[in-house]
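Trainee: Residue-level listing of the chains:
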Amino acid sequence: MNGAEILLQPGVFPRLLQGLWVTVWIAGVSVALSVPVGLIVGWLMTMRNPVIRLLTRVYLDFIRIMPQLALLFIAFYGFARAWNWNLDATGACVFVFVLWGGAELGDLVRGALESISNAQYESAYVLGLGPWQTFTRVILPQALRRLLPASVNLATRIVKTTSLAVLLGVVEVIKVGQQIIDANRFQYPTGTLWIYGVIFFMYFIVCWPLSIVARRLEKRWSHD
Amino acid sequence: MTDMQQPSLRVAHLVKQYANADKPVLNDISFEVPHGKVFVIVGPSGSGKSTLLRTIAGLEPIQGGTISLNGEVIETGRPGTESAGRSKRSSALRTRVGMVFQSYDLFPNKTVLGNITLAPTLVQKRDKTEVEKEAVALLERVGLVDRKDSWPHELSGGQRQRVAICRALILHPEVLLFDEVTAALDPEMVREVLDVMLELADQGQTMLIVTHEMQFARAIADQVILLEDGGIVEQSDDAERFFTHPRTERARQFLRTFEFDRHRASGDAIGQ
Chain A
1 MNGAEILLQP GVFPRLLQGL WVTVWIAGVS VALSVPVGLI VGWLMTMRNP
51 VIRLLTRVYL DFIRIMPQLA LLFIAFYGFA RAWNWNLDAT GACVFVFVLW
101 GGAELGDLVR GALESISNAQ YESAYVLGLG PWQTFTRVIL PQALRRLLPA
151 SVNLATRIVK TTSLAVLLGV VEVIKVGQQI IDANRFQYPT GTLWIYGVIF
201 FMYFIVCWPL SIVARRLEKR WSHD
Chain B
1 MTDMQQPSLR VAHLVKQYAN ADKPVLNDIS FEVPHGKVFV IVGPSGSGKS
51 TLLRTIAGLE PIQGGTISLN GEVIETGRPG TESAGRSKRS SALRTRVGMV
101 FQSYDLFPNK TVLGNITLAP TLVQKRDKTE VEKEAVALLE RVGLVDRKDS
151 WPHELSGGQR QRVAICRALI LHPEVLLFDE VTAALDPEMV REVLDVMLEL
201 ADQGQTMLIV THEMQFARAI ADQVILLEDG GIVEQSDDAE RFFTHPRTER
251 ARQFLRTFEF DRHRASGDAI GQ
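Listed in order, the protein sequences are those of chains A and B.
For the first sequence, this note's numbering begins at 1 and goes up steadily by one.
For the second sequence, this note's numbering begins at 1 and goes up steadily by one.
Simulated DEER-style distance windows between Cβ atoms: (1) V35/A - V145/B: 36 to 42 Å; (2) N20/B - V37/A: 37 to 43 Å; (3) E72/B - T46/A: 34 to 40 Å; (4) V145/B - T46/A: 37 to 43 Å; (5) S211/A - V145/B: 39 to 45 Å; (6) V51/A - A19/B: 22 to 28 Å; (7) R252/B - V51/A: 56 to 62 Å; (8) G80/B - P50/A: 22 to 28 Å.
Partial chain B-side listing against chain A, Cβ under 8 Å, derived: (9) A57; (10) L59; (11) R86; (12) S91; (13) R94; (14) M99; (15) D105; (16) P108; (17) N109; (18) L118.
Read the hints as simulated data drawn from the structure, not as lab findings.
Here the structure is a predicted model, which means the values were calculated and not measured.
Every residue, glycine too, gets a C-beta built ideally from N, C-alpha and C.
So here's chain B without its partners, still in its complex pose (with noise of 0.2 Å):
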């Protein structure tokens, strides 16, 4: 079904303007996420991570360039749409983008599998016995079968996520988009929620990631770029080169001021 040529993803030239802001968020952006790969975008807050997922996931119409998935274009920028609140990509186009969000937003008034079988069943018509086998399967994945008839409010942090990813992997999604999901997480659930993503990438799900996790993105991470102001500083298909000998000074600093935070959290003896 996917044309293995093509890359995954492709974002081309994507322009992100807001209306009243004096320069785009995003300015000229060109990437490719090959299949099975793991593609990383780390920089500093403010620098545009998270609103380029969001253009990619349809939450933000864009102004300029394209978007595509294995070939095929889903998203072409057009001016005038700076104010408009999303895009106008169709429900079975959004299927195909998969997203896990920062905040825990599993639906309360469903139960951990009612939130997994919710869109196949109404957006992709799936048979319901089907789709729960396969949720259950999935939850199984993540460990959390025996949570399956939980509420969402009985769930920890890092649980909620998990089921997020289900729900989000349920859809057979071509790109699976991870907008800081560790951020709001209690440091001692970080690792569950990363190793579900860790083994994921192990069995090829494509995936592109917004995290602040440097360790975890240098072991995840097959292709990484660094974006500042709306622009890429640096982008690297070798990330492992990336993160030991970046190319540009600024991704240098950048990578410091991380080495900094874990010389003083645990007292180890940084830098070789």
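Bound conformation, chain A alone (with noise of 0.2 Å):
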């Protein structure tokens, strides 16, 4: 029997739909938190203090330094059984990306503040803004631009890493692939490579039209 008839079997787009939309539900809402925290670590990280610096610093490389997986670990089989947090894997998973997110988007907007000349800066006093008035018209524009199409890029790669939710028992695309599997694996013994194909083709195009806007936000704002 043809092993891509499978995909034809009732049930099985449906559920690799639920799954997918588990997988989009995750990566969403861990990158729409990760914003605001990323803008405050940001601003923080432009901060003079010695101690919010190295508090931040040490906050990044931590990030940086460990492997994803091992913080979904730590966060799940640690945190939450040692001090008896309610989290479930899914809660988890958001946890650790916001985190990572967090950090990763904060270092973007650190980077694109300070990239902003201080000629900037002194052409404004100079008109009589003030830095209130600076920041919101001339600076944030500016360092918005700069920040955009990498963010994009750190979206994208949020969505991919949430397949290392299914070690965590998360039941996303990934998951629910590997179950259809198995349930047909007598009657489809070749229909690994479709489901997993299609798998494939879902992130593509959750991811591509990502990779596009950033590819041309990077072209638009490339003068700046």
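Dock chain to chain to rebuild the complex, using the hints, since each chain is given by itself in its own frame.
Mentor: Structure, rendered in structure tokens:
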């Protein structure tokens, strides 16, 4: 029997779409929560206070050095059990991805803010703009332009990394795929390739537009 | 509104001292810029010319002396501010002194028109349509009205500098400061910027100019000072005389360095 027919089995596609929804939900919520965290972390990173600088530095380096999988295990099996948090696997994933996304985005925000030349602040000052007017009308719009392409790439990475949630037992798109393959192992022995092919395609559909947006923005704003 | 008896800008005994520096960058500087006159500051690199303009614009606090605008003291030197960032000058006072910088520092997130109208609408709370009308008129004067909707990155260096001049002019500053505005430009763009400045001088705009373009300085200046090591070496109310018959040996020596440059560049015989 042709392995491709596994895709036509009743319930296979809706279940895959449900799994995809879990993936997109975890990624979407994580990215959405990373934005405020990243803005605040980035702003803290530009501060002169040495204690704040050190703390944000340690936070960023810790997140960067640790594999995301290790962070997920620490959050789910470590912290949640040790302190009796009522944290389910999905919650642990969102928690870890926000910690990670917030740190990475924070570093992007810091870089963007620091890349704005002093001449911009000085011109605004001489024209009579106050500090808040300077920040909102001159500095932030430029920083966001420089920030956006890289943050869209970060969002793509977060979408892909949600696949690690399988290892905490979250039934997202990859887990659903495995279940379908296992259930049809005898009927469709060659179905594996087709299921994973569809999953590949689903990730592609989610991430590809993000990549396009990132590339477009990069091109449009490359002159600033 | 302006009292013609008072000099437009008056700098008296100005001292600028940075923290951790053994001597002041500017020491006891005094001069007056009369209404509608063009005052040029020349001097070797590191003489403190740019710093002087920055103190007048409020970008650096001063540690001694005063800066006055039309008889009103806008800045008083205070010891203890050596490591402070900027002076505490109010927003309204800052709009009364315009400044154009060496770097092309237009706001890249705003169009040409947006750059010019930002401060008058936001700081001076002027009517948007009135401000836009004036901005267009200013752009007309500098020959850039067809570029009003362009973005800064679409303009050449010379065009950007002309927009920067409009951006300063629309606030109707009592004094306009120019800090080596052609130093970063390609040679063929220097002319268009200098022409705009000459036209402003003809229209009676009070200006204080720091420049390395000696021929231009000679063409535009009413009064000149030569600055070196943070002090005034020679001050002249007769710019033409300063350039042809400087009083001090140091000024003669300084001016000669430019003649040598000109000789090499053009091959002309110099000095009659």
